[in-house]
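2 protein chains.
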Amino acid sequence: MRTYFDCIPCFIRQALDAVMFVTLNENICESVIKEVLDVMSRMDLKKSPPVMGQYIHRMVRKFSGSLDPYKTVKDRFNKYALQLYPALNEIIEKSSNKLDTATRLAIAGNVIDFGANNDVDQAVVDKTIALSLSSHIIGNMEHFLKALDSAENILYIGDNAGEIVFDKLLIEQLPADKITFAVRGKPVINDATLDDAVATGITELVEVIDNGSDAPGTVLEECSEKFRRFFKDADLIIAKGQGNFETLSGVDKNIFYLLKVKCPVIARHIGCDIGEFIVNN
Amino acid sequence: MRTYFDCIPCFIRQALDAVMFVTLNENICESVIKEVLDVMSRMDLKKSPPVMGQYIHRMVRKFSGSLDPYKTVKDRFNKYALQLYPALNEIIEKSSNKLDTATRLAIAGNVIDFGANNDVDQAVVDKTIALSLSSHIIGNMEHFLKALDSAENILYIGDNAGEIVFDKLLIEQLPADKITFAVRGKPVINDATLDDAVATGITELVEVIDNGSDAPGTVLEECSEKFRRFFKDADLIIAKGQGNFETLSGVDKNIFYLLKVKCPVIARHIGCDIGEFIVNN
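Chains E and W supply the protein sequences, listed in that same order.
Each residue of the first sequence is one higher than the one before, counting from 44 in our numbering.
Each residue of the second sequence is one higher than the one before, counting from 44 in our numbering.
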């Protein structure tokens, strides 16, 4: 997906939110914002929004001196989601269509996105879980469930820490030997990395690889060769969240996007409302 | 008033709104936005927001090739306000405190501000007029009315086209020989210029001068010598709207700001809510 004009003020808003999340030092904030403005004045709008997101968060890390500013947030939401895990698992086990219910919960987990909104809290997560179980899912859930059934080699690209516990619930409904789970190569916002996959026990379930990149999405040309091999060999790709949607939509593969829509540009691009739960192919 | 960090994404939003108001040509939009981003990457945050507004609208005019992109809007709102004029005048004449009522209406007219919001319509104007007559006015209205009574030399700095008809209603309640009315020196957004003062009959009431500048506010150091002389000599200055407030607050003169608050940064700076009607000294 290209960068729309409406993304531009939002990038600045995100950069401000991110740097002020990390530090209240006005000089650092001003330096980050001015660097971001300078790079944006030369940016290629044909590139996807996470390419600018990647740059913004590199600047936030560089100027704040923190290699992983969202570490506390990631740990907190991994822990909270693990607390919810037994109850969510019970909901799945008692439901009439376990795969449908687990998919709904995996999408609900996508609300834990500090790129789109840096004041996610437990109440928002609880509310989203309840909504996901009763809401109409936009897209083609039936098609997705059938595709899961016939796939032999699934690459499941995760998005955020905390959210990956919700992914774990879906993965547990599928044959472990057919699945590889992918995380980001380096910390960016609250996106899940290998540490989070270990902390939430996903590494004990399926093979986990990282993509070698610090973009908050999947910018294929800068992912590791290993990740690209897995991507190429998969006959079904599950891509979680807005960042993966923005970077992979248009790529010629059998990709299902599972996400909660959190921005007006993506809502318009997909043709739905903000807040909707999406299974998009 | 300085430029706050929160102004920065809003500048980009305003630049986008302004250029897309003038043209739908994507190349022109991209050129304006990138120029604005480049200049903003080097801006001095100690300067007031209208200094950046001035630059943004210069770029919009330069790249779109239109010297006065808001001409139609200005004419439309002058005409609409002149249609309302007899009824508004009757409200003032029948009220128990004519000066208070005329001041409320002058503030209501400040809603016709295409810098803050480019979809102002007649319904919004009608609603604001009704609200202004019944709402609590933040600040010190009594102090203002007393100051009007004792002033000998009033400089009344207008803001937008259309709005100046509401200013005319207030001016008509005051001794004409004590008042000079000031407009912008050149077109910027829908700010009133000499043409609007002529079109709405203000030039027939009081002396009208222009400030020689194309900033959407009063950036004293770049106003004409003549304007600065009037400014210096006045014993009471009435400054309408956000742009005049942002550029003049902090200046050591007896200035009363009459405005409707339309942005969160100004609301926070003043300590009130968005939408409030203000008489600030």
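Just to be clear, a hint being listed does not mean it is correct.
Examples of chain E residues lying across from chain W (beta carbon under 8 angstroms, computed) [to be verified]:
1. Leu59
2. Cys72
3. Met83
4. Asp87
5. Leu88
6. Gly255
Taking lysine-lysine pairs in the DSS-like style, the calculated list, with each CA pair at most 30 angstroms apart, reads [stated by the list, open to error]:
7. Lys77/W <-> Lys269/W
8. Lys105/E <-> Lys77/W
9. Lys105/E <-> Lys89/W
For the record, the hints were derived by calculation from the structure and aren't laboratory data.
Virtual Cβ for every residue (Gly too), placed ideally from N, Cα, C.
What are the numbers of the hints the structure violates, in ascending order?
-> Checked against the structure, the hints that fail are numbers 4, 6 and 7, while the rest are satisfied.
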